[in-house]
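Visitor: Residue-level listing of the chains:
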Amino acid sequence: MSFDEQFDVVVIGAGHAGCEAASSAARMGCQTALVTLNLDLIGQMSCNPAIGGIAKGHIVREIDALGGIMGRVIDRTGIQFRLLNRSRGPAVQSPRAQADRALYRTEMRQTLEATPNLHLRQGLVVELVILDGRIVGVEMQDARRLRAKAVVLASGTFLNGLIHTGRKTYTAGRAGEPASLELAENLKEIGFSVGRLKTGTPPRLDGRTINWEQFQPQFSDELPVPFSFSTQTIEQPQITCFVGYTNEHVHNAIRNNIHESPLYSGQIKSVGPRYCPSIEDKVVKFPDKGRHQLFLEPEGHNTFEVYLNGFSTSMPSDFQQELVHKIPGLDEAKIIRPGYAIEYDFVDPRELTPFLETSRVKNLFFAGQINGTTGYEEAACQGLLAGINAALSVQGRQSFRLSRDESYIGVLIDDLIKFGVDEPYRMFTSRAENRLSLRYDTADLRLSIYGREFGLINDPSWDNFNLRRDRLGRLRTILDRTRFKRSDTAYQEIAQTLNVDLGDSVSLSQLAIRANVPIELIRKFTPFNHSYLPSDFETVAADFLYSGYVQSQKNNFARVFYNDSLHIPPNLVFNTICGLSKEMIHRFEQAKPTNFGQARTIPGMTPVALTNLLIYLKLNNTL
Amino acid sequence: MRSPDTIVALSTPPGRSGVAVIRLSGPHSLDYLKSLLRKTDFSPAPNRVSLHTLRDPESDEILDRALITYFKSPQSFTGEDVVELSCHGSPVLLLHVIDALLRLGARAADPGEFTLRAVSNGHLNLSQAEAVRDLIEAQTHAAVRQAARQLGGELSARLQPFKDTLIELIVPLESSLEFVEDDLPELVLAQLTDNLKQLSQNLESLAETFRSGRLLKEGINVALVGRPNAGKSSVFNRLLASDRAIVTDIPGTTRDSLSELLTIEGVPILLTDTAGVRQAGDTLEQLGIERTRRAIADADLVIVVIDGSQHLSGEDEAICAEVSESKHLLVINKSDLEILYEGGLNGVTRGIQSVTVSAITGAGFDLLRHAILAPFTDSAPQDTSVLITNARHFDLLQRAANSLYSSQRAIQQGASEDLILVGLYDALRYLGEITGETTTEDILSEIFATFCIGK
Numbered sequence: 095m096s097f098d099e100q101f102d103v104v105v106i107g108a109g110h111a112g113c114e115a116a117s118s119a120a121r122m123g124c125q126t127a128l129v130t131l132n133l134d135l136i137g138q139m140s141c142n143p144a145i146g147g148i149a150k151g152h153i154v155r156e157i158d159a160l161g162g163i164m165g166r167v168i169d170r171t172g173i174q175f176r177l178l179n180r181s182r183g184p185a186v187q188s189p190r191a192q193a194d195r196a197l198y199r200t201e202m203r204q205t206l207e208a209t210p211n212l213h214l215r216q217g218l219v220v221e222l223v224i225l226d227g228r229i230v231g232v233e234m235q236d237a238r239r240l241r242a243k244a245v246v247l248a249s250g251t252f253l254n255g256l257i258h259t260g261r262k263t264y265t266a267g268r269a270g271e272p273a274s275l276e277l278a279e280n281l282k283e284i285g286f287s288v289g290r291l292k293t294g295t296p297p298r299l300d301g302r303t304i305n306w307e308q309f310q311p312q313f314s315d316e317l318p319v320p321f322s323f324s325t326q327t328i329e330q331p332q333i334t335c336f337v338g339y340t341n342e343h344v345h346n347a348i349r350n351n352i353h354e355s356p357l358y359s360g361q362i363k364s365v366g367p368r369y370c371p372s373i374e375d376k377v378v379k380f381p382d383k384g385r386h387q388l389f390l391e392p393e394g395h396n397t398f399e400v401y402l403n404g405f406s407t408s409m410p411s412d413f414q415q416e417l418v419h420k421i422p423g424l425d426e427a428k429i430i431r432p433g434y435a436i437e438y439d440f441v442d443p444r445e446l447t448p449f450l451e452t453s454r455v456k457n458l459f460f461a462g463q464i465n466g467t468t469g470y471e472e473a474a475c476q477g478l479l480a481g482i483n484a485a486l487s488v489q490g491r492q493s494f495r496l497s498r499d500e501s502y503i504g505v506l507i508d509d510l511i512k513f514g515v516d517e518p519y520r521m522f523t524s525r526a527e528n529r530l531s532l533r534y535d536t537a538d539l540r541l542s543i544y545g546r547e548f549g550l551i552n553d554p555s556w557d558n559f560n561l562r563r564d565r566l567g568r569l570r571t572i573l574d575r576t577r578f579k580r581s582d583t584a585y586q587e588i589a590q591t592l593n594v595d596l597g598d599s600v601s602l603s604q605l606a607i608r609a610n611v612p613i614e615l616i617r618k619f620t621p622f623n624h625s626y627l628p629s630d631f632e633t634v635a636a637d638f639l640y641s642g643y644v645q646s647q648k649n650n651f652a653r654v655f656y657n658d659s660l661h662i663p664p665n666l667v668f669n670t671i672c673g674l675s676k677e678m679i680h681r682f683e684q685a686k687p688t689n690f691g692q693a694r695t696i697p698g699m700t701p702v703a704l705t706n707l708l709i710y711l712k713l714n715n716t717l
Numbered sequence: 012m013r014s015p016d017t018i019v020a021l022s023t024p025p026g027r028s029g030v031a032v033i034r035l036s037g038p039h040s041l042d043y044l045k046s047l048l049r050k051t052d053f054s055p056a057p058n059r060v061s062l063h064t065l066r067d068p069e070s071d072e073i074l075d076r077a078l079i080t081y082f083k084s085p086q087s088f089t090g091e092d093v094v095e096l097s098c099h100g101s102p103v104l105l106l107h108v109i110d111a112l113l114r115l116g117a118r119a120a121d122p123g124e125f126t127l128r129a130v131s132n133g134h135l136n137l138s139q140a141e142a143v144r145d146l147i148e149a150q151t152h153a154a155v156r157q158a159a160r161q162l163g164g165e166l167s168a169r170l171q172p173f174k175d176t177l178i179e180l181i182v183p184l185e186s187s188l189e190f191v192e193d194d195l196p197e198l199v200l201a202q203l204t205d206n207l208k209q210l211s212q213n214l215e216s217l218a219e220t221f222r223s224g225r226l227l228k229e230g231i232n233v234a235l236v237g238r239p240n241a242g243k244s245s246v247f248n249r250l251l252a253s254d255r256a257i258v259t260d261i262p263g264t265t266r267d268s269l270s271e272l273l274t275i276e277g278v279p280i281l282l283t284d285t286a287g288v289r290q291a292g293d294t295l296e297q298l299g300i301e302r303t304r305r306a307i308a309d310a311d312l313v314i315v316v317i318d319g320s321q322h323l324s325g326e327d328e329a330i331c332a333e334v335s336e337s338k339h340l341l342v343i344n345k346s347d348l349e350i351l352y353e354g355g356l357n358g359v360t361r362g363i364q365s366v367t368v369s370a371i372t373g374a375g376f377d378l379l380r381h382a383i384l385a386p387f388t389d390s391a392p393q394d395t396s397v398l399i400t401n402a403r404h405f406d407l408l409q410r411a412a413n414s415l416y417s418s419q420r421a422i423q424q425g426a427s428e429d430l431i432l433v434g435l436y437d438a439l440r441y442l443g444e445i446t447g448e449t450t451t452e453d454i455l456s457e458i459f460a461t462f463c464i465g466k
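Heads up: the protein sequence lines correspond to chains A and B, in order. Taking the numbering used here, the leading residue of the first sequence gets 95, the next gets one more, and so forth. Taking the numbering used here, the leading residue of the second sequence gets 12, the next gets one more, and so forth.
Accuracy of the hints is not assured; some may be wrong.
When the alpha-carbon atoms are kept at most 30 Å apart in a straight line, the in silico DSBU-like pairs for lysine-lysine are as follows [to be verified]: (1) A/LYS648 with B/LYS174; (2) B/LYS83 with A/LYS648; (3) A/LYS648 with B/LYS45.
Simulated from the structure, these hints should not be mistaken for laboratory data.
All chains should be modelled from the sequences, with the hints used to inform the complete structure.
Guide: Structure, rendered in structure tokens:
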């Protein structure tokens, strides 16, 4: 078999997953090709031009801590930064930023082009070349063949993509871009279990036609919190977004024309994400709600285009325009690009290993929406893990996985491969059993050691990390040891500020554990406080705040989750296990769990049945 | 396993037996034993059997005399520190010992957990695998399994409303954290506190019903009623006589009083003879009826004594009607004479459980003692497996209630929602160990059904 070019790793798709995969594999020393349909749309944000948010911001921090690129790119191109949940516990705070969509693309392309060993190629992959159950390359539409020792497939919504606007449907990967049809067929031929999912996007408006006075401004934070641990300051000028509402006129119009929506006419059968409902869904499912929130988000510094967040729809284009006009302030607003719904193929992620490699084809990795997830951040972190593991397997090194208790990325991959998906999977903090230990500000402390080991963290960043870790250690000791007695003036001032009795004496670390003690108060009374950054204080205070909870949760979860990763052989005959009732055998056989974690969550399991299974597995593991 | 907790369970097969073994395994086994023996400096030689008195660590009451063996890690069945207590086989006594251990901090073992720990610690090899199999089979003996399932099913149904309420409380808290940018209703913490308080109290009262040591702590009030000359006093004295050695005085009463404390299988019984309320020459006059009624109202169990040597009289029937609302038992006395009593074939005595005794010869009193205890030792006093399940349920329900109390404290301290939720999720998990797990997916579904979420 002849090939036009030879690579170690080929990455298909240059969205958020593909970019991270290519960047990490190349920086780990692999000759890496990144194949995309359109070199001008690298790192395109196909939906909302924003990165982060609760749980998603955590993921971006983890990507950055591992040496990924998303955090740095958004820090250079973000035009409205806000730290969400500022008034709540630090574990559920998370950064979010609006991006300048065009700038983000440019910055991402520049970042990739500046990466040694990374080669951009434009083209449409139509076939995965497989030899003896192992991937050996890809073939493109123009007949070029690229040889690869490992391939990462990050196809986004392009596999068999079908766009709906009203009754009109057409194949496309995104609006204005061709779908990937041959490759979708190829995956089915290989034998992958393929399903359909749906997502949607709202219309974009011409900002010059909006009456902004009718909306409430939403400002960026005065002191933006960056995503990357290596970013010192955010330099992009910050813009203002605006908040408004739909009304009963809009809702009635939608109700009266609901048959026009492909979601309700039966035209779309696949499932969309419940947390990104279309406006049709909102109106139908919550008929009592008189108004729904809308956000007007400018798409960048150099464009008038405005993203109408909260108004995702697949109604006919002309009707979308009619609806928009019913919203006060948008009476004259012109739609530049109509909203649409898109259906696309995904592959059941239960076929994946924890390293995101397919169990069907050796050295073939899947990342992003093909695995049933939604969201740029969810895609990017899979791309990073897939890229790292592709490089590791090319280099003959041990594969890399993250556990649930050390990262959201671990939670995400574990959920995917254990439970599969029946709607696009989005991260929430509640998916992480011990979210109190997975704070956005500790991602580096949890994960940077891995990034460094893979060569994804350069010397200056590593030095910075070590300095920070040392500072945190010292500050922890200082807060523990700085103690004030009732007679001290500091004690009196603190007690007065907080208006509580603090006992005979109080240490700064004890203060940190109390709810609602401003960090500034602790900082004020810390000796040598100028040697520490404000973020150091926040991290150490949060460590103290959560320490008791984290310890007791650790004890609780150790027992519940300890055996979750225990593998169940696919050919296990459940009725050979002692002490299982017929009913339990039936439930096991139906659910076909591949590890103990899955078995544990089968509805109706009795503790006796699980223990019997566990004993069987343990015995057979050790024998 | 990393730093496991210490578990406790009855490790002899279910059923009534002369001797039963309670086994503790885990790092605190020896500490808990010391507390039961009330000897902080107790340091037994491993693998040696010795006889000791077990006491309730709170009340100092004597629980039992037991043979104690300490196995030091790793030279034990599970590979951890293990303590075995060979106690007398009375289910109620055993459960009081287990209850005391739970209060000390031990956790009721999951079914098969000892074996599991042994396997995890590499303490079972190929040749022992066969033995393990037998053991598990014993633990999942068909009858036991059925009893556990019935109980579990019934309990699951009772717990469902608790879980529903918990999820109702979690949904707004969780939504306010996850969906900050959505247009959600404001959280009302005062309302939440009230609901939490209510829920934790309800859980605690439910837990209390599973508490095995409850009877032993509080005792059972038993009233003896019956018409004159039925033989109440002789039954009273005969019951006391069998227990003479451990009769103790109750404060405020004297030897002449009509209430006496005795124990049956370790359970304190306060026995009241209503005979004394009657004056000589009175029939069922006004005062007597009043007093008898009050005694009946206070009693956990009413024993109606009937003279078996006579036909059932109108007076007997009146008394039976009087106690029909209470838990009651018929004692047909004077079995040493010719029995003329019709045996509850008709009228008000029909279908009531009865025991035939002779206060003169003592015949039937063993049966009577069992019959007195039976209604209080759960549905099947002989079946220790049910009682073991109860100990585990008590443990889990109490832990769930405690978790909710910690959430209430978090609210009082002004902690953020993420900390308030810790206790709620813990409680849900403990209940889940009885009824099956509630997954994140369940909660997310509830959130999306409740609120319109999403931009």
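Visitor: Provide an ascending list of the numbers of those earlier hints which the structure does not satisfy.
Guide: none
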